[in-house]
Amino acid sequence: MLDVVSGILSFSFYEGMVFGLVAVGVYLTFRVLSFPDLSVDGTFPLGGAISAVLIVDGVHPFAATLAAGGLGLCAGLVTGLLNTKLRLPALLAGILVMVGLYSINLRIMSGANVSLLREVTTFDKVGGFLGLSGGSIVASITVALSIAVIVFIILNWFLRTEIGLALRATGDNEQMVRGLGTDTDKNILMGCAISNGLVALAGAVVAQGQGFADVGMGIGMIVMGLASVIIGEGLFRPKGVARLLLAAVGGAFCYRLFITVALRLGMAPGDLKLITAVLVIIVLAVPYIRKKIRGEWIPPAVRW
Amino acid sequence: MRKKGLLVLVAGLCLVLILTALPFMAGCAPGGAEVYKVCITQIATHPDLDSNRQGIIDAMAEKGFVEGENVEYIVRNAEGDMTTAASIADYFVSLKPDVINAITTPSAQTVVASAEGTDIPVVFSSVTDPVTAGLVPSWEAAAPNVTGVSDWFEMPPQVELIKEVLPDITVLGTAYNAGEVNAAVQAQILNEVAPQYGLTVVEATAASTADVYAAGMSLVGRCDAVWIPTCNTVGGVGIESIIKVGEENQLPIFGSAVGMIGTGLVGGASVDYYWIGKAAGYMTARILSGESIADIPPIKSAVSTVVYPAAAERMGVTIPQAVIDKADIVIE
Amino acid sequence: MSTTESNSILQLRNVSKVFARGTMDEVIALNGVNLDVYDRDFVTIIGSNGAGKSTLLNIVAGVYPPERGGKVVINGDDVTNLEEYRRAAYVGRVWQEPEVGTARKLSLEENLSLALLRGQRRGLRAAINKDRRQLFREALAGLGLGLEDRLNTPVGTLSGGQRQALALVMATVSRPAILLLDEHIATLDPKTAQTVLGLSDAIIERENVTAIMVTHNMELALRYGNRLIMMHKGRIVVDMGEADKKMLTVNDLVNAFEKAAGEQFKDDSILLSGSE
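Chains as they are written, first to last, in this note's numbering: chain R, 1 to 304; chain F, 1001 to 1332; chain W, 2001 to 2276.
For the record, the hints were derived by calculation from the structure and aren't laboratory data.
Treat the hints with caution; some may be incorrect.
[What the hints assert, rightly or not] Using 30 Å as the maximum straight-line C-alpha spacing, the simulated DSSO-like pairs for lysine-lysine come out as follows:
hint	chain 1	residue 1	chain 2	residue 2
1	R	Lys125	F	Lys1096
2	R	Lys186	W	Lys2105
3	F	Lys1326	F	Lys1244
4	R	Lys291	R	Lys239
5	W	Lys2259	W	Lys2191
6	R	Lys273	F	Lys1096
7	R	Lys125	R	Lys85
8	W	Lys2071	W	Lys2105
9	F	Lys1063	F	Lys1096
10	R	Lys85	W	Lys2191
11	W	Lys2105	W	Lys2246
12	W	Lys2191	R	Lys186
13	R	Lys85	R	Lys239
14	F	Lys1037	F	Lys1063
15	R	Lys239	W	Lys2245
16	F	Lys1300	F	Lys1063
17	W	Lys2130	W	Lys2233
18	F	Lys1063	R	Lys273
19	F	Lys1163	F	Lys1096
20	W	Lys2233	W	Lys2245
21	R	Lys291	W	Lys2245
22	R	Lys239	W	Lys2130
23	W	Lys2105	R	Lys292
24	W	Lys2191	W	Lys2071
All values derive from a computational prediction rather than experimental measurement.
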C-alpha cells in the first residue's frame, strides 16, 4: 500500500511542479498585474506544438523546450500590445489571442496532433543521464523540479529588483506608479510576456511527458491556473514574493492531487469533475468553518 | 495558527490517501486462481467507443476470460479531457496490470508514453493511424509491447454507396473538427477520392460541439448530400445537431460508423466498432495466454455497408431496394 | 523677505484651463493665472468649491496641460507639455485619500523604495538594500509614529492617518523640487488631521522643501505657511506674505476676500470649518 500512496504523491508532485508553472504565470497576470489574461488556453498548446515540431525536426529537446518558452513570450507580448497600444480591454485581448492561436497551432503542427512517442524528449535525455528510462517517475520529477527551481530563483530575484517592484506595484496602484514616473504600459507588456512564456514552457514539458502535442491540450488551463492560485492563497496565506510563488505551486499540487485521488476512487465516469470541485470546496471551507466555531470575525469574501 | 492549518491539511490528506489505497490492499490478498488485471481507458463517452469497449469484454469472455472469475477490469473515461487521459494512463501504469486496452488515439498515446520503460503490454483500438501516431513502427509490425486494431477504412466504398443512393449527386459536403487528427485525415482523403467519382467537395469545420449546428447549417444549399467522418465532435457527441439540420432541410446525411448511422443517418460504409472491440479482445486474450506481442501485428478493420431506410425517409431520401438488399446491416 | 527671479522654483504664466469647451457644461476652471513660488515657500491655497485650487495643482503636476499660451516652468525647465509621468522627478504629491498615494499590498519599505526612485530609470539592482533600509528607517523615525519598526508590514494594515504620514514621507524622500499637498488631511478625523499637519510642517521645515498646500480650513491656512493665496472663480484674488498673514483673523480674511472679489463670501463649509 505504501507504494500506492507514494505513487499518488510522486505523480501529483510532478504534476504540481509542471502545472505550478502555469499557476505562477496566471498569478503574475491576474494577481500581480490585475490583468485578466485569458490567452493561456492558447499559449499552453503553442508551447507543446513548437517543441513537438522542433523535436521531430531533429532539434535537441532542451533547445526545443526553450524555444517554446520564447515563442510563448512573444504571444504574451501580442496580448499586452493589443491592450496597451490598441486600447482593447484586457479580457478581449486575451480571448482574441487564444482564439487566433488555435488556428496558428493547427498550422504549426500541420494538423491537430504531433506524436512524440518515437522521439527523444527532454525526459529521455535526463533519464539517460540518470541511467533510467525516460518514462520513469524519477526522470519526470527531476525534469519538472529542475525547471521549477530555476524559474523560482529567477522570478524571486527579478520581482525584488527595481523593475520587478514597479511591475508588482502596477497591479496594485497603477495611478501611483505612473505618478512616480514609470511607463506602466511597459510593465504590462513585460508581465504578459513572462507569464505566457512560463505557460508555453509548461506546455512543452507536458507534451513531451504525455507523448504528443495536441491542439486541444490547452482547454481548461486557465481554470486550472486560477484554481491553483486561489487554493494556494486560501491554504497557505502567503506574504512576500517567495511565499506567494510557492503558494501558487502548492495550490497546483493540491488541485492535481484532488483530481488524482478522485480518479482512483473510481466513481462513475463523468463524476470526476464534480468530485474535484467538491474536494476543493471542502478544503477552502475548512478555515471558514473553524473561524465560525470559534466565533471569530469572518472578513467578507473577495470577488476573485 | 497557520502552522496548525497546515497540519490539519496534511492529516486530512493522509486520511484520504489511506482510504483510497484500501481497495488495493484487498487486491493483494493471496489464494484462489490467478486473476488477471486488465485496464481499459477511453477518451470520451459515445456509442461507438462504448461498443468498442463492450466488444473487448465479450471477446475475452468467449476465450474464457470472464469478469469476476479470472479477470478484473478497471475502466476509466477521460470525458474529453486530455490532461485527465494522461492522469489515467499514469494511474494504470502504477497498477502494474497484465494488459492495458486503450480506446482512441489520445488515450493510446498517453498510455504508451506512461508505459515506456515497463513491459506492460498495450492493445489499442479505434486508432485510425497508429503509425503516424507513433504507436507502432509500421502497419506490418507491432512495437515491442504495443499492438492493436485500427479503424482505418478505405474511402471508395463510402463514396460508392452515396452514389448508389443518389445517382445525380454532384457536390458532396463534409463537416468535422479540424482539431481531431483522424477526422482531418479522412477529410483530406475524401478530397482526393471524390473527384474520381465526378464529385466536388465542400467543407465545414466545428472546433467544438457547440459549433456543430452552425457548421451543419452552413452546408445547406451548398451541396447535395453530406458525409460525416469518424469525428468524435461532429460524428460522436454532436451528431444529433447534424441530424436536425438534415431533417429540417431535407439534406441527406451519410455517416462512417454504425453507432453514428444508427442515431438517424441515411447510411454509410462503416467500420464496425463492436467488431473492432472484439478483435482487440481476442488479441488481449492471446497475450494473456502467453503469446508474445511481437507475433501479433496491428490490423485494420473490415468495412460493412449500413443503411437506415426510416431515417433516410425523414431526410427526404428513398433508398433503392437493390441497395438495401446488398447492404451488410439494415437498421430498422 | 528677499525674493528674486533666480530662486523661483515654480512659475505659472497665463495659465488657463477650460473643461467641456463648447458644451453646455463648459467651465473655466482657471483664468489667466500668474504665479511665482520661491525656494522654501510654504504656500497655503484656500478658496470655495470650483475656485480652481485642484485644477491648479493638477496643472503643476502635469495631469493635463494648460490652454495654449500658458506656461509652466519648474526649476528653470519649461515643463508645460511634459506628461505626468515624465514630470514625476520634479513634483511630489500627497492626495486627499491615503489609498491613492500608496500601494496597499506592498510593504512600507517597498512603497518607500518605489518613491525613492521617483522620476529615475529603474534597473535590475535590488530594490531594497541595507543602505536604503537605513534611510527609510530614519525617515520614518522622524514621524514619531513607530512606523520605522513596521517596514515589512503591508501598507493596507496601517490606519488612514498612518498611511497619509507614510505618503508624506514618500512624497519627500526623493527630494522633489516642489511638494503638493492636495487637501491631504480632509478625510482624517480632527485629532489625526492635527498630527499629520504637524508632521507636514515639521518635514517641510526640516527638509527645506518648497510646498503648496490646498486646504478648506481658513484657520489652518492662516496658521501654517509663509504665504496665503485665495482663489475665486479661476483667479487669484488674495496673495499675502507672512507678515500680513500673522495678524489676521478669519473674519479679516473674509473681508479681504469680499473686497478683492467684489462679492459676498458664500461658502459656508469654509467659514464653519474655521472653528475647532
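### Query
Going back to the hint list, which numbers does this structure go against?
5, 7, 8, 10, 11, 12, 13, 15, 17, 18, 19, 21 and 24
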